[in-house]
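Note that the protein sequences, when read in sequence, are chains A and B. Going by the numbering used here, the first residue of the first sequence is number 29, and it counts up by one from there. Going by the numbering used here, the first residue of the second sequence is number 42, and it counts up by one from there.
By construction, these hints were calculated from the structure, which means they are not laboratory data. Bear in mind the structure is a predicted one, so any value in this text is a computation, not a measurement. Treat the hints with care, since some could be wrong.
One-sided excerpt, in silico: chain A residues whose CB lies under 7 Å from chain B [said to hold, decoys possible]:
(1) G70
(2) L71
(3) Y92
(4) F118
(5) S122
(6) P125
(7) Q131
(8) F135
(9) G138
Ideal placement from N, C-alpha and C gives every residue a C-beta, glycine not left out.
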Amino acid sequence: NAGVTQTPKFRVLKTGQSMTLLCAQDMNHEYMYWYRQDPGMGLRLIHYSVGEGTTAKGEVPDGYNVSRLKKQNFLLGLESAAPSQTSVYFCASSPRPPTGSDQPQHFGDGTRLSIL
Amino acid sequence: LAKTTQPISMDSYEGQEVNITCSHNNIATNDYITWYQQFPSQGPRFIIQGYKTKVTNEVASLFIPADRKSSTLSLPRVSLSDTAVYYCLVGTTGGGNKLTFGTGTQLKVEL
Chain A
29 NAGVTQTPKF
39 RVLKTGQSMT
49 LLCAQDMNHE
59 YMYWYRQDPG
69 MGLRLIHYSV
79 GEGTTAKGEV
89 PDGYNVSRLK
99 KQNFLLGLES
109 AAPSQTSVYF
119 CASSPRPPTG
129 SDQPQHFGDG
139 TRLSIL
Chain B
42 LAKTTQPISM
52 DSYEGQEVNI
62 TCSHNNIATN
72 DYITWYQQFP
82 SQGPRFIIQG
92 YKTKVTNEVA
102 SLFIPADRKS
112 STLSLPRVSL
122 SDTAVYYCLV
132 GTTGGGNKLT
142 FGTGTQLKVE
152 L
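Just need the whole structure built from these sequences, with the hints factored in.
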């Protein structure tokens with residue numbers, strides 16, 4: 029049982045290049061999330077999805093796009109990378125919470141992205 | 042969004058009980074309080090979650106007063122391996138963009 033797997037683990041890009049980060053979960057979770065974490069800071073939500081074919085903006089969505097074509101995968105795209113997007117990116121998933129309760133998120137181990 | 046405030050850092054010794062308090066004055070009625078632990082180069086790991094009063098599991102306790110404007114994570118008898126950053130999260134996964142991580146508390150446990 030792998031949980032949440034992020035690919036790649038490390039990547040260096042040049043300004044203006046594009047790339048896609050892949051997140052895969054094998055827990056059949058409805059919800060998936062992309063966060064970024066900058067040095068000395070907490071995690072900030074970029075985009076999230078509440079089900080296959082759905083996406084929504086989080087706290088810091090500018091410069092990123094996402095897609096959820098399959099329930100188990102959540103892709104994060106950078107169309108034109110900028111140095112300000114140098115960060116560690118974490119993907120998470122969680123089951124749909126029953127009414128009147130909540131469910132914790134399960135995180136991957138991150139993708140460390142450097143943009144020169 | 043419910044903003045959270047935690048101490049930046051705490052120091053302790055092995056075998057002691059550690060209490061980390063998180064303030065969340067504008068918590069919403071539907072919000073839950075969730076604590077995560079994060080080691081370097083790893084993703085956050087779920088510790089405990091609660092809505093009100095006290096919750097206990099095999100690794101920690103969570104105390105939430107009646108007004109829910111703060112919460113305290115209690116780690117009994119810490120060890121060196123508990124050295125990590127602890128995050129208080131207030132919100133609901135059902136709302137997606139209502140999730141807010143605090144700045145985290147760096148706990149350092151020494152012998």
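Check the structure against each numbered hint from earlier and tell me which ones fail, lowest number first. Hint 3 alone not satisfied by this model.
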